[in-house]
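Given the sequences, and given the hints that come with them, work out the whole structure.
Chain order of the listed sequences is A and B.
Here my numbering is used: the first residue of the first sequence is 1, the next is one more, and so on.
Here my numbering is used: the first residue of the second sequence is 430, the next is one more, and so on.
The hints are simulated quantities; they were obtained by calculation from the structure and are not laboratory data.
Computed from a prediction, not measured in an experiment: that's the story for all the values here.
Each residue gets a CB set at the ideal place from its N, CA and C atoms; glycine is no exception.
Watch out, some of these pointers could steer you wrong.
Unchecked claim - Simulated restraints, written as ranges between beta carbons of each label pair:
1) 784(B) with 365(A): 34 to 44 Å
2) 614(B) with 17(A): 37 to 47 Å
3) 218(A) with 717(B): 31 to 41 Å
Unchecked claim - SDA-like cross-link-like pairs, simulated, lysine to any residue; straight-line CA separation at most 20 Å:
4) 343(A) with 171(A)
5) 852(B) with 14(A)
6) 433(B) with 468(B)
7) 423(A) with 443(B)
8) 852(B) with 518(B)
9) 716(B) with 73(A)
10) 842(B) with 423(A)
11) 478(B) with 419(A)
Okay, here's what each chain looks like letter by letter:
2 protein chains.
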Amino acid sequence: MLFKNISVLNENFTVDENMYVATDGAVIIYIGKEAPQLDYGRVIDGSGKLLMSAFYNAHTHTPMTLMRGYGENLSLEDWLNTRIFPFEDHLDSNAVYWGTMLSMAESAKNGIVSSSDMYYFCEDIARAVEESGLKANISRSIANPFGADVKTLASLDEMKHLYENYHNTCDGRIKIDISLHAEYTSNRETAEALAEYINLIKNTIMHIHVSETKFEHEECIKRHGMTPAAYLADTGLFNVPAIAAHCVYATDDDLEIFKEKGVTIALNPVSNMKLASGMTNVANIKKHGVAFAIGTDSVASNNSLNFFEEMKVMLLSSKIANNNPIAISAEEALEAATLTGAKAQGRNDAGAVKTGNRADLIMLDMTVPQLHPVHNMANNLAYSCSGSEIVMTICDGQVIYENGEYKTIDIEKTIFEVEAATKKILRKL
Amino acid sequence: MLFKNISVLNENFTVDENMYVATDGAVIIYIGKEAPQLDYGRVIDGSGKLLMSAFYNAHTHTPMTLMRGYGENLSLEDWLNTRIFPFEDHLDSNAVYWGTMLSMAESAKNGIVSSSDMYYFCEDIARAVEESGLKANISRSIANPFGADVKTLASLDEMKHLYENYHNTCDGRIKIDISLHAEYTSNRETAEALAEYINLIKNTIMHIHVSETKFEHEECIKRHGMTPAAYLADTGLFNVPAIAAHCVYATDDDLEIFKEKGVTIALNPVSNMKLASGMTNVANIKKHGVAFAIGTDSVASNNSLNFFEEMKVMLLSSKIANNNPIAISAEEALEAATLTGAKAQGRNDAGAVKTGNRADLIMLDMTVPQLHPVHNMANNLAYSCSGSEIVMTICDGQVIYENGEYKTIDIEKTIFEVEAATKKILRKL
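Shown next as structure tokens:
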């Protein structure tokens, strides 16, 4: 593909105008002011359009779109015990496949091309991701809240099967991460079994919930005499690159551990506010030099997959948490949503419009009122967009979404099957 | 117009399916399960669509779209003194007219049909609103921060001229409110002069900033021995229905004053977070039985005019401010954005899809991933929409926006003129 006369959001988050950008297969092969001397298939006139990196969702539970808006206005405990857990008890392959496909559709239209997922029925998730043309770091979440012997956990076998059969498949679009659900849903024996496994395979990423709520953080200190971050580091789970989701209550010492171990924090600003868990002081994370990416968490606690919204709420909540309107900048939000998210997923050749990188791109219509005037494009992107500006989403060089149409997903069938699978589960409750 | 086979969000915020809705001129004349026996101009097939009330923006400064994203990452003081005030010094009729038209375009696409505006150059604002086909409660904001003699304030004459010549024009689309900017930007003499004027004309609404920041709230107590709300009530400014914008730091006693005086609070959740002013405890406002609507505040401190986003951030920030995930419901957010906003503007025949009401309507495409599954439509609307679902915005029975096209606004010219007016001002700075 060749884009001509297009504005490009570059690695400094400023705009280069009237550019040519060429892709070949999955890769960006040319960016420049002059027309490249090559033959291309499709030529796209980029007048009035902006090309930028797509987004990388660093923490989500993809199939939970099925529970969108299910049981609001309940306490966290009632919500989990009377709605989410009973619903999840009746999930099957078909429901998970279609729930994932719905997430892929919503992600694509909002410019998210890759998701760090933590759930179960992972082969069904992988199948939907593969067919959608998007990317995911899929992890089979391991928990044994009732303290079952780790040797009897079927989930561990599922995890190994998944890693052995799916890691780095589809030209690397699908990666398998290893996930302990959290400190509070497991015991030390389980954590150490996972640490042993990652030590063996090495080439993976650890994905885990850390200090999402004050209660969780404080209970861990009571149980182990250590914060969740310190405990998890102690078990060896941070001996591979890791994504620590939430970290609302991470202490200065915890942040030093993350810095030393190369852990990336996945901020989940909307979910943390919606569940009244708290607001993360991102300025403090910055001060400690810890990498931070952005996650949506699941649709059940968000209730959307929209990175423009997520960036804005991240900026807003950081300003409040730090009691400082200049706690964090639009450029830092954009970097978290693109480059840092890609790196956290082990996608080092992605997250910026750069020659040699994967062609994970979104094209925005700039002829819309919310993008004018242009005092500073980064500010307009992070604060004024809603996602409706996206006219094209490209993943590994393949057009996934264009002008309201899905190229790889049958959206009508997906919505039909999601409604049918949801109703089938509700009838059993 | 006749809508057929359409889903309607009713006054209880639940959905009636397969309905007929008919409008005649500016008014909804029929809602029912049976086809009405009347002749209609345009017939709209509503299959897969939802019809609901449009939104009423209870606090904004419309022309400030011109300063979108101008001077982020500055302290509030630096932002105002080095960017906003110098820019505003160079505003003229042309810039204000086009800035307002841009606001109208952005509002229309996001389903906002009416805005409670507080600014100056009000005749230019009125001209743009009139031509756009939308509605506004326009107020000429009165301030005398340097304590000038109230008799010398030209703004008071402008205010009276505006009221006498524009109030309830355009079939009531344009209303003129009276506005004291705030306690901290005026003296008692000025407040009382306005109170005298509203006592004379009676048929208006008072629009005023109240307790936006902790500093403002506390300084007022030092100056007057009273909170801003108590002081303003004491001056007589609440002797007509009023919109009190922000009220982040309103006390229980203040809320009792609002309740007694019939004051509606205009929440501005995005702006309050962006400027790190604070988060309003909406659950406490509810407890006192005070009406609350929603405002965007100006684009300069938001930076968009998007009521789906504003509802969601209102819900999120209320949950955090109350440390309670069930502090406020989706239905309450929808009511604040529609019915309560309309009433606060003195538009008692608006804000709900109801026979006899003004036809201020938005039609949403329900065949999008973010609106499925439908466990509860109110939850999906308040938490999962971004504004991109809106395929039609109707104000007083006139189609303003449809499928990405503006029927009353020349969007290309508006963007061109906004960019030109902005650059002209920047050259002078």
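Hint numbers contradicted by this structure: 10
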